[in-house]
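Each protein sequence line maps, in turn, to chains L and B.
With positions in the first sequence counted from 1, the corresponding number in our numbering is that position plus 8.
With positions in the second sequence counted from 1, the corresponding number in our numbering is that position plus 8.
Think of the hints as simulated: they come from the structure by calculation, not from any bench.
Just so you know, not all the hints are guaranteed correct.
Where chains are identical, the list cannot tell them apart; a pair therefore holds if satisfied intra-copy or between any two copies.
DSS-like mimics (lysine-lysine), calculated; alpha carbons at most 25 Å apart, straight line [claimed, not checked]:
#1 LYS116 - LYS351
#2 LYS116 - LYS93
#3 LYS64 - LYS376
#4 LYS237 - LYS351
#5 LYS320 - LYS140
#6 LYS376 - LYS173
#7 LYS46 - LYS195
#8 LYS46 - LYS333
#9 LYS333 - LYS298
#10 LYS46 - LYS376
#11 LYS144 - LYS351
#12 LYS320 - LYS116
#13 LYS274 - LYS237
#14 LYS237 - LYS116
#15 LYS298 - LYS194
#16 LYS320 - LYS333
#17 LYS298 - LYS173
#18 LYS144 - LYS333
#19 LYS351 - LYS309
Protein chains: 2
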Amino acid sequence: MIYLDNAATTWPKPERTITSMADCIRNSGANPGRGGHKMSLAAGRLIYNARELLAKLFNVDNPSRVIFTGNATESLNLVLKGILKPGSHVITSSMEHNAVARPLHFLKSQGIEVSEVECSPAGFMDPVDVEKSIRKNTTAIVVLHASNVNGAIMPVESLGEIASKHGIKFVLDAAQTAGLLDIDVKKLRVDALAFTGHKGLYGPQGTGGLFIREGLEIMPLLQGGTGSKSESLDQPVDFPDRFESGTPNTPGIVGLAEGVRVITEKGLEEIRKHENILLRRFLDGLEQIKQIQVYGPCNPKLQVPVVSINVKDQDSSEIAFILDKVFDIASRSGLHCSPQAHKTIGTLNQGTVRFSFSMYNTIDDVDKTLHALEEIIAEMH
Amino acid sequence: MIYLDNAATTWPKPERTITSMADCIRNSGANPGRGGHKMSLAAGRLIYNARELLAKLFNVDNPSRVIFTGNATESLNLVLKGILKPGSHVITSSMEHNAVARPLHFLKSQGIEVSEVECSPAGFMDPVDVEKSIRKNTTAIVVLHASNVNGAIMPVESLGEIASKHGIKFVLDAAQTAGLLDIDVKKLRVDALAFTGHKGLYGPQGTGGLFIREGLEIMPLLQGGTGSKSESLDQPVDFPDRFESGTPNTPGIVGLAEGVRVITEKGLEEIRKHENILLRRFLDGLEQIKQIQVYGPCNPKLQVPVVSINVKDQDSSEIAFILDKVFDIASRSGLHCSPQAHKTIGTLNQGTVRFSFSMYNTIDDVDKTLHALEEIIAEMH
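Chain L extracted, bound-state conformation (with noise of 0.2 Å):
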């Protein structure tokens, strides 16, 4: 099978998330952190251990910080109702995924004001309109780093610089960039980071975890055992603690960490280089193909190795059907989970066929997927 639907999860996994894993059960499968004995005590180590990896990779001081949670979509929830309140205001753009629109729309309900900036056709969002937007009651701009359905990537440096010169929050929704882009939380003036643990850091699905800025306060979404300060009815105040109820997913944790030692001994730029041989080898492969449709940036300097297409007026879930039916590759059509992105670049209707490429694909699969559709359009006439 040729797999090009890594912006949904990446598959592959390296070999080694998937034996740590198993070592991780094996041999230090107590509850971390809610013992003394010795194997308990292994499993905490190893949750700090991934603390202080993904530390290092967004450039995060204090490891504690890093909290994790079971996927990007909770770190989202849990940042955008944990600070924003009835009264705040918040800017988003009109490329976002469900992952910061449904919760953004549900809390209009709660009084919470939201504006969406218009994005141009290609996904990319004009700071200058940002900037526009701040009223006196905002709180955050909340943005994804690049958008899941074209790849077009967010002038978050700009986003950052505005954010901290009018003393807002900046959240970020990582979900497809990190292990990917260069995500430097100090740089780019980040206030909470979201990421997702099976994407791009090549760690296996339900982890995610959210980096929370020093002095950020955010209100807990859950409450529970931490196996800390056990005497007090109140949430602890400590992190990660106050922000970890229940026993984490230990196993999955150590696979993240895991799959962040692969990518950064391999190095980002590295990858990133090799997936934009294959983006850019795709994008002159399809502007080829007179019949097909490509949305967004078409260059890979200005987003991630996702590309969206229409083949004509085609459905664009009839397209991906007989990809996988026919020739054994996997896109995906529709949606994407992102509505408002697909209404930006004028695909609310049809959708589009997605193609997105992990480190493992190669040149080959690429030239594969243009031979296919180039043999679907040729069996349509």
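Based on these hints, arrange chain B on the given structure of chain L.
Chain B in isolation, oriented as in the chain L frame:
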């Protein structure tokens, strides 16, 4: 190592739990419910199979009413915050884990009234006291099925009857009992059942779930992408999507399903019979050591295989430390995230040393532990 910390998490896990997770990541590692290609559909089927297995285990008719979460704490937060509104009254016990006690403590600050029914020093709740506590605005009874501190089993059949008779909801925390006691949500008249995957169900850490009875309205805790009704900014109303935003923990859920298969094939009754033999032998042995005080029912019929003790007035963590260091026996000391329970049994200051068995423990484990305790006491003289 003799591992007797199974109430925190069972260890070892069945080898099948581990290999099923690795197989899932290697061969069905796509994103379930978020694509139409073969591997995405395969992942979706694996999750549905897990739902079916758990539904069958708890006698739930419609598997879609079993939703997956990260742990029992998340399940309990979801149901408590999802059904209790300012002005609601809820009845709970004085034996609760912080997974119930802390969310309820938080909810008090939101205008929810909480009655904590005092349990006996052995940890039992009297249904008569519960019925007496019912008010006009009582919305729910929420209790744990069995104590994680001393194993005491709550009178859940009576509680279900009382709740049903008075038209209030019955929420059961089955963290310590799922996979060990027979849980029939119809017979017990349970409206919501929270369970964890990594204890008696022999799945991996990072898994849990919630059964929600047909007709019970619960507000979701999270909004986000569900792979369904993507065109709408409203969270879908359909089960299970309404409560499962973001990419699920597919390998974890697959491991949980395999754990359920293992215990179902072995038979819950067989497992309980084995663990009760260990429990009986351990209790009998403890009775012979006059320096040891046992807290709890001291009767396998009235408890799950969780035993809390103290050695005279010795600090519980000191005893657990020696057991680990000198005898390579993993127990757990302190408050076990349950301050209310320790207040009830009279051990809030000293804590207890807790021993808990799984289906993999042996008579030899019990005997060696009793012997170790005798040696520790002999050394103390």
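Here is what the structure says about each hint:
1. Taking the shortest Cα distances, LYS116 and LYS351 sit within 25 Å of each other inside one copy (20 Å), while across copies they are farther apart (43 Å).
2. Proximity of LYS116 and LYS93 under a CA criterion of 25 Å is satisfied in both settings, with 10 Å inside one chain copy and 19 Å between copies.
3. For a Cα distance limit of 25 Å, the shortest separation of LYS64 from LYS376 qualifies neither inside one copy, at 38 Å, nor across copies, at 45 Å.
4. In the homo-oligomer, the alpha carbons of LYS237 and LYS351 lie at most 25 Å apart only across protomers (15 Å), although the nearest pairing inside one protomer, at 49 Å, exceeds that limit.
5. Neither within a single protomer nor between protomers do LYS320 and LYS140 lie at most 25 Å apart by alpha-carbon distance, with minima of 37 Å and 70 Å respectively.
6. Taking CA atoms no more than 25 Å apart as the test, LYS376 paired with LYS173 passes in neither setting, with 49 Å inside one copy and 66 Å between copies.
7. When the C-alpha separation of LYS46 and LYS195 is checked against a cutoff of 25 Å, the pair qualifies neither within a copy, at 40 Å, nor between copies, at 41 Å.
8. For the homomeric pair LYS46 and LYS333, the shortest alpha-carbon distance between copies (8 Å) is at most 25 Å, but the shortest distance inside one copy (51 Å) is not.
9. For the identical chains of this complex, LYS333 and LYS298 are intra-copy neighbours only, at 24 Å inside a copy versus 72 Å across copies, given an alpha-carbon limit of 25 Å.
10. Taking the shortest Cα distances, LYS46 and LYS376 sit within 25 Å of each other only across copies (18 Å), while inside one copy they are farther apart (52 Å).
11. Taking identical chains as interchangeable, the C-alpha atoms of LYS144 and LYS351 are never at most 25 Å apart, the minima being 29 Å within one chain and 49 Å between chains.
12. Taking identical chains as interchangeable, the C-alpha atoms of LYS320 and LYS116 are never at most 25 Å apart, the minima being 37 Å within one chain and 58 Å between chains.
13. In the homo-oligomer, the alpha carbons of LYS274 and LYS237 never lie at most 25 Å apart, since the shortest distance is 41 Å inside one protomer and 39 Å across protomers.
14. Only between protomers do LYS237 and LYS116 lie at most 25 Å apart by alpha-carbon distance; the minimum there is 20 Å, versus 35 Å within a single protomer.
15. Taking identical chains as interchangeable, the C-alpha atoms of LYS298 and LYS194 are never at most 25 Å apart, the minima being 44 Å within one chain and 61 Å between chains.
16. Taking CA atoms no more than 25 Å apart as the test, LYS320 paired with LYS333 passes inside one copy only; the shortest distance there is 20 Å, against 70 Å between copies.
17. Within a single copy, LYS298 and LYS173 get their C-alpha atoms no closer than 46 Å, and across copies no closer than 70 Å, so neither meets the 25 Å cut-off.
18. For the identical chains of this complex, LYS144 and LYS333 are neighbours neither inside a copy (54 Å) nor across copies (60 Å), given an alpha-carbon limit of 25 Å.
19. In this homomeric assembly, LYS351 and LYS309 come within 25 Å of each other (Cα to Cα) only inside a single copy, at 24 Å, whereas the closest approach across copies is 62 Å.
In this structure, the hints that do not hold are numbers 3, 5, 6, 7, 11, 12, 13, 15, 17, 18, in rising order.
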